[in-house]
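Starting from the known structure of chain U, fit chain C onto it as the hints suggest.
Below are the chains, spelled out letter by letter.
2 protein chains.
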Amino acid sequence: MPDILHRVGIKTSSPDNTYKALTTIEGLSAWWTNNTQGQGDTVGGVLQFRFGDRGGFDIKVIELHPGRRVLWQVMEGPEEWIGTRIGFELKQDGDFSIVLFKHEGWKEAVEFMHHCSTKWALFLMSLKSLVETGNGHPSPNDIKIDNWN
Amino acid sequence: MPDILHRVGIKTSSPDNTYKALTTIEGLSAWWTNNTQGQGDTVGGVLQFRFGDRGGFDIKVIELHPGRRVLWQVMEGPEEWIGTRIGFELKQDGDFSIVLFKHEGWKEAVEFMHHCSTKWALFLMSLKSLVETGNGHPSPNDIKIDNWN
Chain U
1 MPDILHRVGI
11 KTSSPDNTYK
21 ALTTIEGLSA
31 WWTNNTQGQG
41 DTVGGVLQFR
51 FGDRGGFDIK
61 VIELHPGRRV
71 LWQVMEGPEE
81 WIGTRIGFEL
91 KQDGDFSIVL
101 FKHEGWKEAV
111 EFMHHCSTKW
121 ALFLMSLKSL
131 VETGNGHPSP
141 NDIKIDNWN
Chain C
1 MPDILHRVGI
11 KTSSPDNTYK
21 ALTTIEGLSA
31 WWTNNTQGQG
41 DTVGGVLQFR
51 FGDRGGFDIK
61 VIELHPGRRV
71 LWQVMEGPEE
81 WIGTRIGFEL
91 KQDGDFSIVL
101 FKHEGWKEAV
111 EFMHHCSTKW
121 ALFLMSLKSL
131 VETGNGHPSP
141 NDIKIDNWN
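Protein sequences appear in the order of chains U and C. Residue numbers in the first sequence follow this note's numbering, run continuously in steps of one, and reach 149 at the last position. Residue numbers in the second sequence follow this note's numbering, run continuously in steps of one, and reach 149 at the last position.
Isolated chain U, as found in the complex (with noise of 0.2 Å):
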């Protein structure tokens, strides 16, 4: 089964402010989408992220191992996407808090999923801008890549 998978490394001393902007509300809308709810900091929550008037997506939290790794499952949302598991696997590496993401469990190589896979790209450097900066850039503010959006 076919898998989105990227590596970004971020220039911070620690793991823990990149654990902290996928862990809380004030982080994810920091860098994916300026509306999202619910709780991402215990096992077990459930996190609504919503994209305009595209809809969205509720994600449950199903593993957290602070400072090293975020693993969700999904929902509700595109029916592509229900069921399919999303992981962050932090590391630090010298300067660098090393971000391994894996997407899985995607049913086949749809159109949506190569659509998908360029967004993410673009939402993690996004995360790393946020965790650098200060500032990201979360949809609506997100970087368009094609009729999609």
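Please note that the accuracy of each hint is not assured.
If chains are identical, the list can't say which one is meant, so a pair holds when it fits in one copy or spans any two.
[Said to hold, decoys possible] Think about it this way: if two alpha-carbon atoms lie no more than 20 Å apart in a straight line, the pair counts; the simulated EDC-like pairs of lysine to aspartate or glutamate are:
(1) Lys91 x Glu111
(2) Lys107 x Glu76
(3) Lys144 x Asp93
(4) Lys11 x Glu111
(5) Lys11 x Glu89
(6) Lys11 x Asp93
Calculated directly from the structure, the hints in this document are not laboratory data. Only a predicted model underlies this, so the values are computations on that prediction, with no experimental measurement involved.
What follows is chain C alone, placed relative to chain U:
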């Protein structure tokens, strides 16, 4: 086997300019790396892409369908890349020239593959920018994503 997939949409009235940016030295050197040599507009042609002091890739053109499809095979470069195929499918959708990108034939989903996936997304955004505005951001002025560059 895992693949790297991406989708970008380029605001332009036909895929011809995108095709040109994928098959000419002038085009390739304006979005991927400014150190590009060889022949990209003939099946069987070999292109040399070099990235500063970090080496690069020798790539053979194996399919060309003007305005529709470009397929390459990697001949020389990092071990993980040798033998892999890089494809660009083009199609027009309204005001957008859509590029469906696939880098296939990876043996394993190694950490370097995660890096290359993110890097490809940003280079494809550079291709989009080149065709839309006349300016890309090829190496060495490419956007850095992590400690591997």
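Hints, one by one, checked against the model:
1. Within a single copy, Lys91 and Glu111 get their C-alpha atoms only as close as 31 Å, which misses the 20 Å cut-off; across copies the closest is 12 Å, which meets it.
2. Taking the shortest alpha-carbon separations for Lys107 and Glu76, only the intra-copy value of 16 Å comes in at or below 20 Å, while the best inter-copy value is 33 Å.
3. Taking CA atoms no more than 20 Å apart as the test, Lys144 paired with Asp93 passes between copies only; the shortest distance there is 16 Å, against 31 Å inside one copy.
4. With identical chains, the CA atoms of Lys11 and Glu111 are at most 20 Å apart between copies only, with a shortest distance of 18 Å across copies and 33 Å within one.
5. In this assembly of identical chains, Lys11 and Glu89 lie within 20 Å of each other by CA distance solely inside one copy; the values are 16 Å within and 35 Å between copies.
6. Taking the shortest Cα distances, Lys11 and Asp93 sit within 20 Å of each other inside one copy (10 Å), while across copies they are farther apart (39 Å).
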